[in-house]
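Undergrad: In order, the protein sequence lines correspond to chains A and B.
Residue numbers for the first sequence follow this note's numbering, so the first one is 348 and each next one is one higher.
Residue numbers for the second sequence follow this note's numbering, so the first one is 348 and each next one is one higher.
No wet-lab data here; the hints were simulated from the structure.
Predicted model only: the values in this text are computed from it and were never measured.
Accuracy of the hints is not assured; some may be wrong.
Any copy will do: because identical chains look the same in the list, a pair fits if it lies in one copy or spans two.
[Stated by the list, open to error] In silico EDC-like cross-links for lysine to aspartate or glutamate, where the CA-CA straight-line distance does not exceed 16 Å:
| hint | residue 1 | residue 2 |
| --- | --- | --- |
| 1 | K637 | D585 |
| 2 | K504 | D662 |
| 3 | K446 | E548 |
| 4 | K374 | D464 |
| 5 | K504 | D466 |
| 6 | K366 | E549 |
| 7 | K388 | E532 |
| 8 | K608 | E549 |
| 9 | K465 | E612 |
| 10 | K637 | E550 |
Protein chains: 2
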Amino acid sequence: MKTALIALGGNALLLPDQKGSIEEQYKNMRVTCDILAEMIKEGYELVLTHGNGPQVGNMLMQNELASQVVPPMPLDICVAQSQGQIGYIFQQVLSNKLKMEGINRSICSLITQVLVDKDDPAFKDPTKYIGPYYLPSEANRLKEEKGWDIKEAENGKFRRVVPSPEPKSILESKIIRELVFSGEEGHIIIAAGGGGVPVVEEEEGYVGVEGVIDKYLASAVLAVDIEEEFFVMLTRVDKVCLNFGSSDERELDSMTVDQAKQYLEEGQFPPGSMGPKIKASIHFLENGGKRVLITSSEKLSAALDGKDGTYIYKD
Amino acid sequence: MKTALIALGGNALLLPDQKGSIEEQYKNMRVTCDILAEMIKEGYELVLTHGNGPQVGNMLMQNELASQVVPPMPLDICVAQSQGQIGYIFQQVLSNKLKMEGINRSICSLITQVLVDKDDPAFKDPTKYIGPYYLPSEANRLKEEKGWDIKEAENGKFRRVVPSPEPKSILESKIIRELVFSGEEGHIIIAAGGGGVPVVEEEEGYVGVEGVIDKYLASAVLAVDIEEEFFVMLTRVDKVCLNFGSSDERELDSMTVDQAKQYLEEGQFPPGSMGPKIKASIHFLENGGKRVLITSSEKLSAALDGKDGTYIYKD
Numbered sequence: 348m349k350t351a352l353i354a355l356g357g358n359a360l361l362l363p364d365q366k367g368s369i370e371e372q373y374k375n376m377r378v379t380c381d382i383l384a385e386m387i388k389e390g391y392e393l394v395l396t397h398g399n400g401p402q403v404g405n406m407l408m409q410n411e412l413a414s415q416v417v418p419p420m421p422l423d424i425c426v427a428q429s430q431g432q433i434g435y436i437f438q439q440v441l442s443n444k445l446k447m448e449g450i451n452r453s454i455c456s457l458i459t460q461v462l463v464d465k466d467d468p469a470f471k472d473p474t475k476y477i478g479p480y481y482l483p484s485e486a487n488r489l490k491e492e493k494g495w496d497i498k499e500a501e502n503g504k505f506r507r508v509v510p511s512p513e514p515k516s517i518l519e520s521k522i523i524r525e526l527v528f529s530g531e532e533g534h535i536i537i538a539a540g541g542g543g544v545p546v547v548e549e550e551e552g553y554v555g556v557e558g559v560i561d562k563y564l565a566s567a568v569l570a571v572d573i574e575e576e577f578f579v580m581l582t583r584v585d586k587v588c589l590n591f592g593s594s595d596e597r598e599l600d601s602m603t604v605d606q607a608k609q610y611l612e613e614g615q616f617p618p619g620s621m622g623p624k625i626k627a628s629i630h631f632l633e634n635g636g637k638r639v640l641i642t643s644s645e646k647l648s649a650a651l652d653g654k655d656g657t658y659i660y661k662d
Numbered sequence: 348m349k350t351a352l353i354a355l356g357g358n359a360l361l362l363p364d365q366k367g368s369i370e371e372q373y374k375n376m377r378v379t380c381d382i383l384a385e386m387i388k389e390g391y392e393l394v395l396t397h398g399n400g401p402q403v404g405n406m407l408m409q410n411e412l413a414s415q416v417v418p419p420m421p422l423d424i425c426v427a428q429s430q431g432q433i434g435y436i437f438q439q440v441l442s443n444k445l446k447m448e449g450i451n452r453s454i455c456s457l458i459t460q461v462l463v464d465k466d467d468p469a470f471k472d473p474t475k476y477i478g479p480y481y482l483p484s485e486a487n488r489l490k491e492e493k494g495w496d497i498k499e500a501e502n503g504k505f506r507r508v509v510p511s512p513e514p515k516s517i518l519e520s521k522i523i524r525e526l527v528f529s530g531e532e533g534h535i536i537i538a539a540g541g542g543g544v545p546v547v548e549e550e551e552g553y554v555g556v557e558g559v560i561d562k563y564l565a566s567a568v569l570a571v572d573i574e575e576e577f578f579v580m581l582t583r584v585d586k587v588c589l590n591f592g593s594s595d596e597r598e599l600d601s602m603t604v605d606q607a608k609q610y611l612e613e614g615q616f617p618p619g620s621m622g623p624k625i626k627a628s629i630h631f632l633e634n635g636g637k638r639v640l641i642t643s644s645e646k647l648s649a650a651l652d653g654k655d656g657t658y659i660y661k662d
């Protein structure tokens, strides 16, 4: 049985210059699902994860603009809402595509919670910008009224920052594993959308927290939890590069996890770009994973044949 | 194996006098989950469905108030968002309660689409009020701009109306059935929230439509699709009554599906109240179901022992 967990990049859902209309979201999703359908046709069982940045950004904006009339929802609720929204579009578009190809498979999205440590140092040092920009006066009011952490994001423009704690485990992993790996033909499962809803363990049980979990790291933890061996990350570049963007840029066909760690240490993979994907790869490969593939959705098919993309192996 | 599909009434999530803050939603959910935990302790495997009226109402309001800045989402997307939101709260609170009771069960919410017939007469006669109230001038503008159907809901106050088509089948029923009935101890599944997201079948596949499916009817169709034999509806009254609210009101301990049809025909069960629950019962019992129980959450435990509530049987 060929299986993989595929983490989709932000581009799979919304391009940087799009505002987020529903037509745009469906259009991008169709392109993504055409590519995934190819993989399913080749016999892969898939778990799919996705981002939610633009969608949650829009929800936070709506929450704020309507706050005089409708009680605003905290961030964990907005993440859950976005899992509902994107999961719905995703399962609908992918299942339509498969049906058109004569493939009959069940697809479903699961609302996913991700356990984080309540003593994670990230809670003391929130770094992830979310939601709208504010003028200094608004920023001060919101700090006082809501107790938010707000930082200057651009010159004179302020934004809320929330913690980005490390994912420890996926609460729904048992169900996800069962759905994908049981039966003759497993189901296709969409999970851990937007990095999952972060929860901490308190005396009364799991409690949602306002934070954003890195979606690649959450995907790696999910892959480990369900004992998946192949982890694919789709991104904007066809291959991972050394000296990215410089004159001596060099594309990598493959590397070992030790090489990946060394390059990361050398600063080859910046935090806002390739860094999180490499960190996720290392976590996965050091916890039971066998192979990582990083490539663009355009090159996925060739990369699966070993002709493109960057593979990372345990050794 | 004792199993049941339980459809929660609106009260399970928000009371009529509440605005919908997150604290209120969690508080009500805890009460509901305490009751469900009792049933799970007694060995029941459960599929749980729920409403979403107030939550979707709030989302529509947010969409509208922010529409100059954020592209508004259509109703099917809002329903999917509400499944994410309520499913998240539900699975978290119920799993916390079960853990506290020493019960280890997996719980998960599935984004659920419900197939409706695109020729359903409801599409030509929208009757279900949704979203905010409008003044006549706004109502006229929205009719023109968006092509909405808008009707006078109260004297001088207008509201959008959407169709309420009949549910035909649940697209995710195969997965739901497998999760609940497979293995030694099935999982607890939350599905078909808010009556499910209505979709119609077009040449290109399933396409979402703006409409609201009756949540009791959707629950009955889900119960039939997964071959569940016991269907429970929790509502405000302890028992179904004849001549409800009049001096010769009479509580029913049980009835047959034929009696239910006759009473319905006689106008005993009004459309906005007991009617949909009785219609759902009839659909369920005429399509393979064995037993229906209608009662309040306070009386559920006694009703399961046969000491309260109203049972409806095939014959």
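Undergrad: A separate judgement is required for each hint: does it hold in the structure or not?
TA: Hint by hint, here is what the structure shows:
In this homomeric assembly, K637 and D585 never come within 16 Å of each other (Cα to Cα): the closest approach is 21 Å inside a single copy and 57 Å across copies. With identical chains, the CA atoms of K504 and D662 are never at most 16 Å apart, being 46 Å at best within one copy and 70 Å at best between copies. Proximity of K446 to E548 under the C-alpha cut-off of 16 Å is restricted to the inter-copy arrangement: shortest distance 12 Å between copies versus 42 Å within a copy. For a Cα distance limit of 16 Å, the shortest separation of K374 from D464 qualifies neither inside one copy, at 38 Å, nor across copies, at 25 Å.
For the homomeric pair K504 and D466, neither the shortest alpha-carbon distance inside one copy (30 Å) nor that between copies (52 Å) is at most 16 Å. In the homo-oligomer, the alpha carbons of K366 and E549 never lie at most 16 Å apart, since the shortest distance is 38 Å inside one protomer and 27 Å across protomers. Taking the shortest Cα distances, K388 and E532 sit within 16 Å of each other inside one copy (12 Å), while across copies they are farther apart (33 Å). For the identical chains of this complex, K608 and E549 are neighbours neither inside a copy (34 Å) nor across copies (50 Å), given an alpha-carbon limit of 16 Å.
Neither within a single protomer nor between protomers do K465 and E612 lie at most 16 Å apart by alpha-carbon distance, with minima of 27 Å and 58 Å respectively. Within a single copy, K637 and E550 get their C-alpha atoms no closer than 37 Å, and across copies no closer than 41 Å, so neither meets the 16 Å cut-off.
Going through the hint list in order, the structure does not satisfy hints 1, 2, 4, 5, 6, 8, 9 and 10.
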